[in-house]
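Protein chains in written order, with our numbering: chain A, 53 to 213; chain B, 23 to 305.
Just so you know, these hints were derived from the structure itself, not from any lab.
Each hint should be verified, as a subset may be incorrect.
Here are the simulated EDC-like cross-link-like pairs (lysine to aspartate or glutamate), alpha carbons at most 20 Å apart as the crow flies [said to hold, decoys possible]:
(1) B:LYS124 / A:GLU174
(2) B:LYS81 / A:GLU71
(3) A:LYS105 / A:ASP120
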Amino acid sequence: MITLNINHKNYQLGLKGNETLLEVLRDHLGLTGTKTACEESECGTCTVIVNGKAVLSCITLASGLTGDRIETIEGLADGENLHPVQQAFLDEGAVQCGFCIPGMIMSSKALLDTNPNPTQEEIEYALDGNLCRCAGYLKIFEAVRKTGREMKRAFAVSDKN
Amino acid sequence: MLLNPLTFHTPSTLDEAVRLYTTLDNSRLQAGGTFLLNSLKLLKRKGAKTPEHVISLNKIDGLKGASASNGELTIKAMTTISDLYSSPHLQGHLSVLRTVCKNISTNPIRNMATVGGNLTCRYTWTEMPAAMIGLGGRLHFRGRDGATQTLDAEEFFKNGAKTDKIFTHVTIASDPNASVAYCRVKKSPNVDIPLLSILIKTNFNRNTFAHTRVSVNNCVAFAQRDHKLEQFLDQSVCSPDIAQEALNHMDESIYETRSNDYKKHMFRVSIKSALRELMEKNR
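Given only the sequences and the hints, what does the whole structure look like? Please build it.
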């Protein structure tokens, strides 16, 4: 049995050792927000955050993640309250078919957690592993910028107080 | 299941990893896993034999991180590409490694992939081999019998990058007087598949090239030095014509290997560009 910490919750799992994190999330735990597409590290739909960094769950063996902090798309919202990144994606109309969006959001969150005021170049660099076949990149980038501005404003307010 | 059944090992020390590696048959080491996992999936799809044991090096803290001391940069094998990119120790001519890291794949891959994996995976098109050869890197290994081995990067890749040991770290001497230029060409502007890369390091002695290393990655064979071009440059004084003249002194056997006209042209463009960049820095 191994223990995985996913979205601040510990899961005890009897794994054989050859399961990818993507398989464990979707097939063992029913966390289907993380998507399956290419399954060979090319598209980014399977992006999750491990120890604060965006990684591809389709090429990560789950058994190697004991002691690590795993965040998936399901862990972002606080009840009915969407995470600022999620809200910005909705507000900016960044979601078309929606398939790439969980991966895009996780990459965006990983960026903004360490760099709340990214430049356009930094946003593109952080999201260069996430493909969008609907070509919705412009609105996705704007959503990330908007979230950054909101976060900057929130920090300014809390500093003032 | 995407992968065949296997036993996954997560040793927490290098000694334990060596013990597993020496005692388990049909085992593979896993660094970041960015090459290995896709390889295992492909082998399964083809119905080919896959390793029964995978030994992850990811839980060995002593194999992570970059540091600088005594005039030497040390990069441990399990340092991720993104961690190396943001290392404050990439100073002076070693800052070229930041450019090398930036060129590697995509963000999530850079967060997972390691310097060690990039150097020892035996894929000929990876970025780090040419960089380490050009910078004079020395690769350190821990053997099956616990003994250590050190090889110049050039020697390691000349021998086909084969090893039965665990790569632990690479060391690069700091050289405050060195100038470095790095040029990389992709197969297409839109798809980041490398076509070639060139790294040239030299120590200008007033206006003359000195101790020059020209490291070439043609992506279809292991990276190697162009000694013929190095010899020419080390006799040469900086001048507006030298970049063009250098093209007559290339070891063509390196650049001809499975190269079409476009690739040969881009080799020449890259060498000229790198030399001009170096001479500009020397002004």
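Results for each hint:
no. : hint                : verdict
1   : B:LYS124 / A:GLU174 : 12 Å, holds
2   : B:LYS81 / A:GLU71   : 18 Å, holds
3   : A:LYS105 / A:ASP120 : 11 Å, holds
Checked against the numbered hints given earlier, this structure breaks none of them.
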